[in-house]
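Input sequences plus hints: build the corresponding full structure.
Read off the chains here:
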Amino acid sequence: MSCIEQMKYRLYLERTSFKDAREYIEKNSEEIYYVDPGYKIFKDYYIIGMPPVAMGVRGKEMLFTYVKPCHGTFVMGIDSEEEITRLRENEAKKIKKSLKGKEIGKVASNAAPMSFSDVYKN
Amino acid sequence: MSEGKSALLVMGCPEVPVQMSMVIYLSHKLSKSGWDVTVAGTDAAVKLLKAADPESYYVKKTVDLDEMIANIVEKKVDFDVCFAFMHSDAGMTYGATFSAISKARLFAVVFGKNAEALGESIDYPAEKIVAKATHNPNPLKNKIDKVIL
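If you read the protein sequences in the order shown, they are chains A and B. Under the numbering used here, residues 19 to 140 are what the first sequence spells out, in order. Under the numbering used here, residues 139 to 287 are what the second sequence spells out, in order.
Careful, some of the hints might be misleading.
Some but not every residue of chain B turned toward chain A, in silico, with C-beta under 7 Å [unchecked claim]:
| id | residue |
| --- | --- |
| 1 | G150 |
| 2 | C151 |
| 3 | T180 |
| 4 | I207 |
| 5 | A208 |
| 6 | V211 |
| 7 | D227 |
| 8 | A228 |
| 9 | T231 |
| 10 | A234 |
| 11 | T235 |
| 12 | A238 |
| 13 | I239 |
In silico DMTMM-like pairs for lysine to aspartate or glutamate, Cα to Cα no more than 20 Å straight-line [claimed, not checked]:
| id | chain 1 | residue 1 | chain 2 | residue 2 |
| --- | --- | --- | --- | --- |
| 14 | A | K37 | B | E258 |
| 15 | B | K198 | B | D174 |
| 16 | A | K61 | B | D204 |
| 17 | A | K58 | B | E212 |
| 18 | A | K58 | A | E100 |
Keep in mind the hints are simulated off the structure, nothing from the lab. The C-beta atom is built at its ideal place from N, Cα and C for all residues, glycine as well.
Below, the structure is given as structure tokens:
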């Protein structure tokens with residue numbers, strides 16, 4: 019049993035499909051972040067899900083999906099500023115990484131433009 | 139040549155009878171061909187398995203499903219092939235998770251009343267083994283027998 023079940027949580031959806039749970043989080047959160055399956059939260063829970071796995075922030079509460087093989091998907095909410103900060107930091111890292119990729123593209127686009135003579139050389 | 143290769147069989151909710159039968163069958167078949175087989179499942183599924191195979195003749199290694207996911211994510215273990223058994227939306231979700239976290243060649247073994255619809259909805263990298271089987275294991279067994287590793 020994961021430590022989550024011993025925490026103070028709120029249930030917003032029970033025994034639903036993963037798709038419905040994701041939509042609930044997307045519609046009811048102030049901030050939405052997407053993580054990969056296996057993203058670790060709290061001490062020992064690794065998020066189970068079909069990518070993109072949505073996680074939400076609503077005030078001090080983090081909304082996430084919790085999947086149990088025999089019972090389906092649940093949408094849970096737990097107050098945790100620490101986990102929300104980690105989510106935001108994780109997102110910032112992703113943006114930084116994608117910006118780095120764009121900078122490489124920028125360097126390539128800064129190369130000297132081809133002249134007309136080069137175009138008609140052949 | 140399968141000597142030294144590892145296989146993971148992932149059990150979903152054990153409510154559909156063919157799953158347990160096919161996990162024991164496939165574990166035995168792979169072990170006989172030299173595969174190192176581990177079976178992961180929920181507490182209930184592992185209990186059912188151990189009751190049916192008390193001396194671990196067919197299944198040598200079992201592990202808790204969530205513990206297995208943690209170990210793969212933390213890169214403590216991985217497998218050459220993974221057979222994920224599924225018959226529900228939750229099972230499909232676990233299959234997608236294994237597809238994302240593991241480097242194993244993934245087989246999605248889909249069974250139960252809604253097998254065809256569930257099989258069609260799989261959009262993550264996996265080879266599909268789909269059979270509308272609940273009580274009679276043979277349609278699923280025949281398809282598993284056709285898998286070439």
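Is the hinted pair K58 (chain A) and E212 (chain B) satisfied, with a Cα-Cα distance of at most 20 Å? At roughly 10 Å apart (the allowed maximum being 20 Å), E212 (chain B) and K58 (chain A) satisfy the hint.
Using 7 Å as the Cβ threshold, decide whether A238 (chain B) counts as touching chain A. 4 Å, holds
Hinted pair K37 (chain A) and E258 (chain B), Cα distance within 20 Å: OK: K37 (chain A) and E258 (chain B) at ~15 Å, within 20 Å.
Holds or violated: I239 (chain B) as interface residue toward chain A, Cβ cutoff 7 Å? With a closest approach of 4 Å, the I239 (chain B) hint holds.
Per the CB criterion, is A208 (chain B) less than 7 Å away from chain A? Status holds, d = 6 Å.
Should the interface hint for T231 (chain B) be scored as holding, given a Cβ-Cβ cut-off of 7 Å against chain A? Result: holds, 5 Å to nearest chain A Cβ.
Less than 7 Å between beta-carbons is the criterion; does I207 (chain B) satisfy it with respect to chain A? Cβ of I207 (chain B) sits 5 Å from chain A, so the hint holds.
Minimum beta-carbon distance criterion (7 Å), G150 (chain B) to chain A: Since the shortest Cβ distance to chain A is 5 Å, the answer is holds.
Decide if the proposed pair is consistent with the structure: K198 (chain B) and D174 (chain B), CA atoms, cutoff 20 Å inclusive. 9 Å, holds
Agreement of hint T235 (chain B) with chain A interface, Cβ distance less than 7 Å: Hint on T235 (chain B): holds, closest Cβ of chain A at ~4 Å, below 7 Å.
Does C151 (chain B) pass the interface check with chain A, least Cβ-Cβ distance below 7 Å? Cβ of C151 (chain B) sits 4 Å from chain A, so the hint holds.
Would you check the hint for K61 (chain A) and D204 (chain B), treating anything up to 20 Å between C-alpha atoms as holding? 13 Å, holds
When each numbered hint is compared with the structure, no violation occurs for any of them.
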